[in-house]
Structure formats: structure tokens, C-alpha cells
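S.K.: From just these sequences and the hints, can you work out the full model?
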Amino acid sequence: MSEVTNMHADLPRARVKRRLIAKALAFLAAALPTLPADAETVQENPGGQIVIFALHVAELRAANEPVEFDGACDSACTLYLSLPAEQLCITPRASFGFHLPYGVGAHENAIAAQYLISQYPDWVRLWIEEHGGLSHTIVRMEAAEAAKHLPLCGVLA
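Residue numbers for the sequence shown follow the numbering used here, so the first one is 187 and each next one is one higher.
Be aware that one or more of the hints could be misleading.
To be verified - Capping the alpha-carbon separation at 20 Å, the derived lysine to aspartate or glutamate pairs in DMTMM-like fashion look like this:
1) 334 / 316
2) 334 / 308
3) 334 / 256
4) 334 / 315
5) 334 / 272
6) 334 / 254
Stated by the list, open to error - Each pair of labels, with its calculated beta carbon distance range:
7) 234 / 279: 17 to 25 Å
8) 304 / 340: 26 to 34 Å
9) 245 / 303: 17 to 25 Å
10) 225 / 330: 15 to 23 Å
Just so you know, the hints here were simulated from the structure itself, not pulled from any lab data.
We put the beta carbon where it would ideally sit given N, CA and C, even for glycine.
M.R.: Here you go:
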């Protein structure tokens, strides 16, 4: 019976502890949206596997995480440009390098190229088309061109 009595004696403390935890969680839930998000900074990113970048971009989109471009973003890295413009910003050092995917097989590379093009916003697709389309040579978009469509980092709208 003494164990039961001790268990009941701990109940008020447990309730107070739960209330404090609940209040702390409620406070954090209210405060979190006001805390600044840490932007992911892209610098000298040579790209890589399209699937890896596509998954990461999907995570960033779902979390509404900002991305700052402060250097070269080449190849599959350019999938970041498929995020909403409100999530992106560029510095004067930003640039984007586009080329045809390679490395798997002709059929798979063609599918990857179609996927890339389908993910880009219209202004990127148009720019690529105006510069000869995707080829085996990198075509580079500099910050001045991208700034026509994306905000500069740290500049209030």
C-alpha cells in the first residue's frame, strides 16, 4: 500500500511538470515563426546527381527554407532555381551553369534533361533557349541576368 501512496504523492508534481512542459512548448510554437530561418548558402557548387538535388529541393520547398546564391551553382545545383523566387536571393558573385546531363546512358540522360527543363521557371527556360539550349558545354548565367528575376540578398523589397 505504501507504493500506491507514494505514487499518488508524485501525481501533483507530475501534473505541474506536464503543465510547465506544455506551456514551454506553446511558447516555442508561438515564437518559432518569428525567429529568422538560417538560409542555405550555395557557393561554388559543381552539382552532382539530379535525384539527390531534386530531393533536397523538395525538402527546402516543403520547409519554405530560404536559399542564398553567393557563388557558382552548376549542373544539378541549378534545380534550386525551381524554388519559388520568394525563397531565393542572389549576391553579385552568383552564377548558374547549365549543360546536358551525362554519365548514365543516352536514354537516361535525355530523361534527366527533360526533367531539368521542366522544373525551371519560364525565365530560366527562355534564357537557356536563347543561349542555344542545353548542350555538353556549360552556358553560364551571371548574377546581373538572374537579378532581373530574383531579389538581391539583404535588399528590402
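S.K.: Does each hint hold? Answer for all of them.
M.R.: Structure-based check of each hint:
Restraint check: the Cα-Cα separation between residue 334 and residue 316 comes to about 16 Å, which is no more than 20 Å; the hinted pair holds. A threshold of 20 Å between alpha carbons decides the hint, and for residue 334 with residue 308 the separation of about 13 Å falls inside it, so the pair holds. A hinted pair counts as satisfied when its Cα atoms are at most 20 Å apart, and residue 334 with residue 256 qualifies at roughly 16 Å. Annotation: proposed proximity of residue 334 to residue 315 holds, straight-line Cα distance about 17 Å (limit 20 Å).
Distance check on the hinted pair: residue 334 and residue 272 sit about 14 Å apart at the alpha-carbon level, within 20 Å; holds. Simply put, residue 334 and residue 254 have alpha-carbon atoms about 16 Å apart, close enough for the 20 Å limit, and the pair holds. A C-beta distance of roughly 21 Å is found between residue 234 and residue 279, which places it inside the suggested range of 17 to 25 Å. The hinted window of 26 to 34 Å between residue 304 and residue 340 holds, with their beta carbons roughly 31 Å apart.
At about 22 Å, the beta-carbon gap between residue 245 and residue 303 stays in the expected band of 17 to 25 Å. Here the CB-CB span from residue 225 to residue 330 is close to 21 Å, well matched to the stated 15 to 23 Å.
Hint check: no violations occur; every hint is consistent with the structure.
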